Each structure stands twice: as C-alpha cells, then as structure tokens.
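> Starting from the given sequences, assemble the full structure and let the hints guide the process.
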Amino acid sequence: MGSSAMMDFLASTIIFGVLMFTIGRVQVNLNSTMYYNTYNYMTQNFALELSKTVEHDFHKIGFNVSNPKIDTAEIDKIRFKYYILNDATMRTVSYELGALDTTSENPDDRILYRTENGATVAHAIGVTEFDIRYYNKSLTEMTAPITGSNRDSIHAVQVRFRVESHAPIILPDATQYISVFWEKLIYPRNLGNLQ
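Residue numbers (the working numbering): 243 to 437.
Hint data in this document are derived by calculation from the structure and do not stem from the laboratory.
The structure presented is a predicted model; accordingly, all values stated were derived computationally and were not measured.
Hints are all accurate, no fakes.
Here are the simulated lysine to any residue pairs, SDA-like style, with alpha carbons at most 20 Å apart:
#1 K319 x R375
#2 K379 x H301
#3 K426 x L290
#4 K319 x R356
#5 K426 x A386
#6 K311 x I388
#7 K379 x D394
#8 K319 x E338
#9 K294 x K319
#10 K294 x T362
#11 K294 x D373
#12 K302 x R356
#13 K426 x Q400
#14 K294 x T357
#15 K311 x L381
#16 K319 x S293
#17 K426 x N287
#18 K426 x L339
#19 K311 x E338
#20 K319 x H365
#21 K311 x M384
#22 K319 x G390
#23 K302 x E316
Take a look at the structure:
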C-alpha cells in the first residue's frame, strides 16, 4: 500500500468517525426532545384533568344546602357539601394534600386525596403544591384555618396547585422537572355572591 492510499484510508476513517459522532449526538438530542415532549404532554394533561374536577366541584359548593356549607376550611384541606337534584343525593366532598408519593422519582410529589361521600380517590399525578385561600364578601383574605360560624362568611375560594413530572428530564445542559401551575379564584354561586 502506498503512502497516498494510507493517507486516504486514514482520512476516510477520521471522516467516518466524525460522521458517526454527529449522528450519535443527533440521536441523543432527538431522544431527549421526545422524552421532554412526552412528559410535558402528560403533565399538562394531569393538570388539565385536575383543574376540570376542581372547577366542577368548587362551583357547586353549598348548592341547595343550609349552613354550614363548608365544614373544613384549611390551607391544604377543604370539605364542603352540595345537593344534586337529578339524583336526590347530598354530596360531601373533600380535598386534602397528603403524604409524599414514594412511587415517584420526584422528591416533591405528594398525593392529593379527593373524597366524595366516604369514597376516597388518591391522585398520584405529580401534585407538588395544593393550597386554598378563602375570601369574604369584600374579597379580603381570611386567615385559615377558618372555624365555626366564620365559615359562613366565605364568599370566594382561590385554588392553586402545581403538577410536576414524575421523573426528571435530563437535557444536555440541565436536569429539570416539567411543571404546570394552575390558579383560579372561584365564586361559588351558593356562597352568597350571585343570589
């Protein structure tokens, strides 16, 4: 083999190595992006479903029920009643932020419990924050926990939560959890606002 052929062979080997390294980096970036998009989609769906459930329940607080319409009013726990006419059922619903979710890789994940008439559903969907604020008729925040007849002064409820991905997203320049924050001030019609 001549020196020219040896140089050609060496140059083609180097070019092939650089090409393989580039293809490998592109594949790693594609996998990271796909992983990120999948967890982003899942986290947003969990947050969307939770927000729909919260809005559905909280707008009905106190419907066709006499006081107290809200039995428990704490920062991370609420228990309230409403009556559904079409099936003649009194509903007692509570939300409570529970213990850490040990099945998740995210060290901040907690379990959110929703209980309706004694049947509890544990939502292990990546909730890392869940808090409730209470407001009186003049929209002044009330200090929780609210007890006794003071619960009858609640006219609006602000719900805030954060949902994060169960596993971290490892990107070339960072490691992070996908996070969705949701917040809404809800004016339940039956707490005296729109009657």
